[in-house]
Amino acid sequence: MTRPVLAFDNLTLGYDRHPVVHHLHGEIGQGTLLALIGPNGAGKSTLLKSIAGELPPIEGHILRRDPAPDGFAYLPQQAALDPAFPISVGDLVAMGLWRHLGLFGGLGRSGRRRLEQALAEVGLTGFERRPIGTLSGGQLQRARFARLLLQDAPLILLDEPYAAVDAQTVDDMAQLVRRWHQEGRTVIAVLHDLEHVRNHYPEALLLAREAIARGPVGDVLSPANLSRARRLAEAFDEHAPVCHRHAEAA
Amino acid sequence: MIESWLIDPFVEFAFMRRALAGSLALSLGAAPIGVFLMLRNMSLAGDAIAHAILPGAAIGYLLAGLSLPAMTGGGLVAGLAVALIAGGVARATQLREDASLSAVYLISLAVGVMIISMSGGSVDLMNVLFGNVLALDNATLLLLASISTLTLLSLALGYRPLVLECVDPAFLRSVSRASPLAHFGFLVLLVLNLVAGFHALGTLMAVGMMILPAGCARLWHQDLVPMLATAVATALLGTVSGLLLSFHAGLPSGPAIVLALGALYLLSLLASPVGGLARRLRPRWHYTS
Numbered sequence: 000m001t002r003p004v005l006a007f008d009n010l011t012l013g014y015d016r017h018p019v020v021h022h023l024h025g026e027i028g029q030g031t032l033l034a035l036i037g038p039n040g041a042g043k044s045t046l047l048k049s050i051a052g053e054l055p056p057i058e059g060h061i062l063r064r065d066p067a068p069d070g071f072a073y074l075p076q077q078a079a080l081d082p083a084f085p086i087s088v089g090d091l092v093a094m095g096l097w098r099h100l101g102l103f104g105g106l107g108r109s110g111r112r113r114l115e116q117a118l119a120e121v122g123l124t125g126f127e128r129r130p131i132g133t134l135s136g137g138q139l140q141r142a143r144f145a146r147l148l149l150q151d152a153p154l155i156l157l158d159e160p161y162a163a164v165d166a167q168t169v170d171d172m173a174q175l176v177r178r179w180h181q182e183g184r185t186v187i188a189v190l191h192d193l194e195h196v197r198n199h200y201p202e203a204l205l206l207a208r209e210a211i212a213r214g215p216v217g218d219v220l221s222p223a224n225l226s227r228a229r230r231l232a233e234a235f236d237e238h239a240p241v242c243h244r245h246a247e248a249a
Numbered sequence: 000m001i002e003s004w005l006i007d008p009f010v011e012f013a014f015m016r017r018a019l020a021g022s023l024a025l026s027l028g029a030a031p032i033g034v035f036l037m038l039r040n041m042s043l044a045g046d047a048i049a050h051a052i053l054p055g056a057a058i059g060y061l062l063a064g065l066s067l068p069a070m071t072g073g074g075l076v077a078g079l080a081v082a083l084i085a086g087g088v089a090r091a092t093q094l095r096e097d098a099s100l101s102a103v104y105l106i107s108l109a110v111g112v113m114i115i116s117m118s119g120g121s122v123d124l125m126n127v128l129f130g131n132v133l134a135l136d137n138a139t140l141l142l143l144a145s146i147s148t149l150t151l152l153s154l155a156l157g158y159r160p161l162v163l164e165c166v167d168p169a170f171l172r173s174v175s176r177a178s179p180l181a182h183f184g185f186l187v188l189l190v191l192n193l194v195a196g197f198h199a200l201g202t203l204m205a206v207g208m209m210i211l212p213a214g215c216a217r218l219w220h221q222d223l224v225p226m227l228a229t230a231v232a233t234a235l236l237g238t239v240s241g242l243l244l245s246f247h248a249g250l251p252s253g254p255a256i257v258l259a260l261g262a263l264y265l266l267s268l269l270a271s272p273v274g275g276l277a278r279r280l281r282p283r284w285h286y287t288s
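Each protein sequence line maps, in turn, to chains A and B. Using numbering that gives the first Met the number 0, read the first sequence as starting at 0 and increasing by one per residue. Using numbering that gives the first Met the number 0, read the second sequence as starting at 0 and increasing by one per residue.
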């Protein structure tokens, strides 16, 4: 494996003492294009959230090689954005240049060119002045991808980027992801469409609270692995006994 | 004739000029805060925090009489405590901000009323409840001007984080550590402006200087910057109209100002082609794409 950009060390994440990701170990090398798959409730979004620094681990660590805040770009699920807010598509996308602009900096000529280029690459040329509330779900997702383009980060985290968008949008955005991969960036995407994963991703991590399988997509997506993942993810027990695995490890 | 109706009261009477200066300061600070308050779906939260100021100001009044520092300080402490505790509870527990705010402000209100009734005095709280924009002394004017200066400077400094905190907080958290600062900084500005407002309009109506102009501006604009400008202009127009109305018709000034703002709001509701009812009266043709 190439130099790891991310390492999980005995990582347990969860809510209210119930683990959602349980004792996860592993490394993710630079330039990896990884599909994070698993049933609903398997801990995929939770893992991404924690990599992005939004959720502290219950136990263990996440080690990011580049701990700087601009070392990663994170696309959370769409619900996080308020489409009723009076802001234009151009302003929303330009926030991707946050690191360069700071509190007062203007876009400048080069910033404006990068903004126009990013909008063009996601097919939103001419939308710059439109309020975000007038966009369709797919167009809004394109705008968020344009913002990711401007963030220009070496590690990109995508949480269900294609939920509720049409096939054309999925194709266009998948092309961007492929380009990021070719540029040597690390991309981790939470995905549900296994056919899409088979066609576009070389590597997958099948999660069902614990890592069920990791490796080439063809091997990970075996019927045996998938049915095991489904069984494990559904095994939530309100009265589960306390986990002592950390004591054994120590 | 109209000119003298509009201008003479301010030329002839110092207290009207002071009221005008106070209203100007209030409008500049409170109206932009109101726009963000509304866009964050916190209009009622602003109202609740305004009520939470009452016991603080009343305690200040009980301890030191009608003293500006005591009442301002009391109101500030009570309002900030309620806003910060409620915000902290919402971030640290399962309660949403509206539920935690209602709970904390009710407790604060009850404590205030309890203290006042236990002290046994028949405290004249009319000033705290309804304010008096016609009786602003130098110290109070200076306070209002300072608060509005601080507000405008802070909003200019924190404009980008604040906008992002409203529109896409998860993104802000992923690119910067400014999210809690934007959130709590905004609450501090909110309380400061409510305290400024209570000197002029009282705790019951202070939030009117925020929400009514913001509501008007939202009805007329789709973009944030013109919305902020319109909110300030509306607040100014409303307060000056209210002052004149109060002067010529002999009405209490606070309610006159809020009613004038209310009239502008009603007008916007009916007439705005962007967000008002007038939109529904447009001919029913549509574009081809």
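None of these hints come from the bench; they were simulated from the model. There could be a bad hint or two in this list.
To be verified - DEER-style ranges, computed between Cβ atoms: (1) A/G183 with B/L156: 19 to 25 Å; (2) B/R283 with A/G101: 46 to 52 Å; (3) A/R2 with B/P225: 47 to 53 Å; (4) B/L65 with A/D65: 39 to 45 Å; (5) B/L156 with A/D69: 17 to 23 Å; (6) A/R111 with B/F183: 22 to 28 Å; (7) A/D65 with B/F183: 56 to 62 Å; (8) A/D69 with B/V110: 45 to 51 Å.
Small disclaimer: the values here were computed from a predicted structure and weren't measured. For every residue, glycine included, the Cβ atom is placed at its ideal position computed from N, Cα and C.
Hint check:
1. A/G183 with B/L156: 19 to 25 Å: Given about 38 Å between the Cβ atoms, the range is violated.
2. B/R283 with A/G101: 46 to 52 Å: 48 Å, holds
3. A/R2 with B/P225: 47 to 53 Å: 50 Å, holds
4. B/L65 with A/D65: 39 to 45 Å: Since the Cβ atoms of B/L65 and A/D65 sit about 60 Å apart, the hinted range of 39 to 45 Å is violated.
5. B/L156 with A/D69: 17 to 23 Å: Roughly 21 Å apart at Cβ, these two residues keep to the hinted range, so it holds.
6. A/R111 with B/F183: 22 to 28 Å: 33 Å, violated
7. A/D65 with B/F183: 56 to 62 Å: Cβ of A/D65 to Cβ of B/F183: about 29 Å, so the range 56 to 62 Å is violated.
8. A/D69 with B/V110: 45 to 51 Å: Given about 46 Å between the Cβ atoms, the range holds.
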